[in-house]
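There are 2 protein chains.
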Amino acid sequence: PMFRHYMHIYLLPLSVDPASTVSGLLSIFHEQELTETIHDTDGHGYLATFVGKNGRFVVLRVHSQGLVTVDLQFYEDDDIAQLDNLLNALENKLKVLLNGNITRIKKLPALLRGAKVDRYWPTADGRLIEYDIDKVVYEEDSEYQNIKILHSQQYGNILVLDGDVNLAESDSAYTQAITGSGKENYAGKEVLILGGGDGGILAELVKQKPKMITMVEISFTDFYIDQKVIDGCKKYMRKTCGDILDNLKGDCYQILVQDCVPLLKKYVQEGRTFDYVINDLTAIPISTSPEEDSTWEFLRLILDLSIKVLHPSGKYFTQGNSANLTEALNLFEERLGRLSCPVDFRKEVVCVPSYLEQWVFYTAWKK
Amino acid sequence: PMFRHYMHIYLLPLSVDPASTVSGLLSIFHEQELTETIHDTDGHGYLATFVGKNGRFVVLRVHSQGLVTVDLQFYEDDDIAQLDNLLNALENKLKVLLNGNITRIKKLPALLRGAKVDRYWPTADGRLIEYDIDKVVYEEDSEYQNIKILHSQQYGNILVLDGDVNLAESDSAYTQAITGSGKENYAGKEVLILGGGDGGILAELVKQKPKMITMVEISFTDFYIDQKVIDGCKKYMRKTCGDILDNLKGDCYQILVQDCVPLLKKYVQEGRTFDYVINDLTAIPISTSPEEDSTWEFLRLILDLSIKVLHPSGKYFTQGNSANLTEALNLFEERLGRLSCPVDFRKEVVCVPSYLEQWVFYTAWKK
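If you're matching them up, the sequences are chains A and B in order.
So the first sequence is numbered by UniProt numbering: it starts at 1 and just counts up by one.
So the second sequence is numbered by UniProt numbering: it starts at 1 and just counts up by one.
Hints were generated in silico from the structure; no laboratory data involved.
Don't be surprised by glycine CBs; every beta carbon is placed ideally from N, CA and C.
Each statement offered as a hint is correct.
If the Cβ cut is set under 7 Å, some of the chain A residues that face chain B in the computed set are:
id: 1; residue: P1
id: 2; residue: H39
id: 3; residue: H44
id: 4; residue: V51
id: 5; residue: G55
id: 6; residue: H63
id: 7; residue: L67
id: 8; residue: G126
id: 9; residue: R127
id: 10; residue: L128
id: 11; residue: Q153
id: 12; residue: A323
id: 13; residue: L356
Only pairs whose alpha carbons sit at most 25 Å apart, straight line, appear in this in silico DSS-like list of lysine-lysine:
id: 14; chain 1: A; residue 1: K107; chain 2: B; residue 2: K116
id: 15; chain 1: A; residue 1: K189; chain 2: A; residue 2: K315
id: 16; chain 1: B; residue 1: K239; chain 2: A; residue 2: K347
id: 17; chain 1: B; residue 1: K135; chain 2: A; residue 2: K106
id: 18; chain 1: B; residue 1: K116; chain 2: A; residue 2: K95
id: 19; chain 1: A; residue 1: K107; chain 2: B; residue 2: K107
id: 20; chain 1: B; residue 1: K106; chain 2: A; residue 2: K135
id: 21; chain 1: A; residue 1: K228; chain 2: B; residue 2: K106
A short list of chain B residues far from chain A (calculated; beta carbon distances all over 10 Å):
id: 22; residue: I80
id: 23; residue: A89
id: 24; residue: K265
id: 25; residue: D275
id: 26; residue: L301
id: 27; residue: K315
id: 28; residue: P342
Chain A extracted, bound-state conformation (with noise of 0.2 Å):
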């Protein structure tokens, strides 16, 4: 049962008696049929609710210093056009009621609720995002976590794990800047991917002949080496992965659906090393509370494993976060600062197209 909320605000000029004003508008919700209840908010404004044919249901705020809020919802298969009507005459009345004098006028556009198809993905730093979304094309509960994919017209088919928005088929910007911006040759190079079970990375360097490309993680808190999301990416994310996701082994690849961790430990006692370590995993956690939140000792326990099995002059890759997490991006760079075997880094912002953010990314070496 998908409605529609609309939502409009009215300043008023200071001089205007709300009261008298929010008066002459009420013959318009009864001509509507609209039936009102007038709240007592205890000197909070004036407040009433209006019920209507449909299950229409207004709001009628008048709060203090000239603010006006009207919230309309109305159901999918209702009359838009008279519902449009209702909202206009409102407006109109309210223009002749003050002579045109209204200080501002914003109408959100409408709020879509309720839908089987969720339009709504926030952003890392917490902002509210509608996206052009219309279909659902993949949905799979692992024992990992919910894995969607959801097409989008602009975007291309987007991978959401848990809720967050993790790459579209758009974000080729997003695989350029965690490989290098370009500016590496991986050709008879010795790498190492932790994550990226989209593809998007392993197919884009596959291209450039390195000797080997190790791909391997789910492990705490990623999960992104997970046979689901490898069995919807290798079939709706084709334009990110081609057909590198069809076989977990090629002539230059191998993808380990395993625990990171030990592997990492077991690289580190036989003192192999890679020329590239790309960490595609989880990003900087939001928290910046680090003593009590596990992700950041799992982040920093990562992280000293990848310095430790990264060759000397090789290069380390991977994402930040949000350019607005300042907080947790600070954090995220001193723990850089005291890793046990000492690196310098530097990092760029990048605009990847579905995260409607900048997106941060760090390249760091061994000093």
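Mind docking chain B on chain A? Use the hints.
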């Protein structure tokens, strides 16, 4: 009087009786001293509103098919922790009542309504977007339009004309795309820019030592070369325009604050041509009824005149619109195919950081 508006959605299994579930929730509201009103919806589900102290207001609806929506509004100076507790208590109670058996839970980031600094600016394709705007740095009403420059942490200052996001300091990708994506050589060339009042294109091109750049506009539907736009940009968009707008005239450029149509007609009469014509006027109209929309008429006039003053080996660059507005884009392409002077064209889809949607750019040249 800014207030927050939380929207939570719960989807209950169809086997659950919503009425008995709701009655189990009421105690939570009563504990928080919220006074309820139950509304008669004439068979369209359960609808209750609750009013509490400090102007707190809750709408609880149980729609058909197990959809439950909770709206909570409260003023900025209220006790957020207490209200978060209320919502958590509701959710926990619901989980207990249903033995954890909730099909879907979705909580949108709180809407900030009635704030002095508006964070909601829709995309060209009409989606709701919350920007990270924290300050209005410039606001003027000129005789043509409302001009705002808003500060965003991640995008820098953003120029907003009559509510449309025009360009942010982060958007060199826009300037890059509309000047030929770095593949052109402007040295010694004659350039005509229509619009571009933020100075971004001009600042970029003067670096390349063109023979002469003429920048002009103000006409009918387009007011980008509005002295008040220039005044705002030269002060607050310096990452975009540098010092180029400090003077309307320089060694190799002139900015003409006048109507471009008579000027273009004069150029046509004189047989004057340009190596590059960059049309940075309004985006293609969203309306797809060109016969009813004079903006299309204007667009065709400008297009026709622009191609007439284009040197036979010259290039014409322009923005299109959101990649999602396929009908409008098709209409524009059809127009391109019917000019008095035949042209070929190509298009490119570009991610302009602050636009939060993919944007189409066109290059056209004489056949």
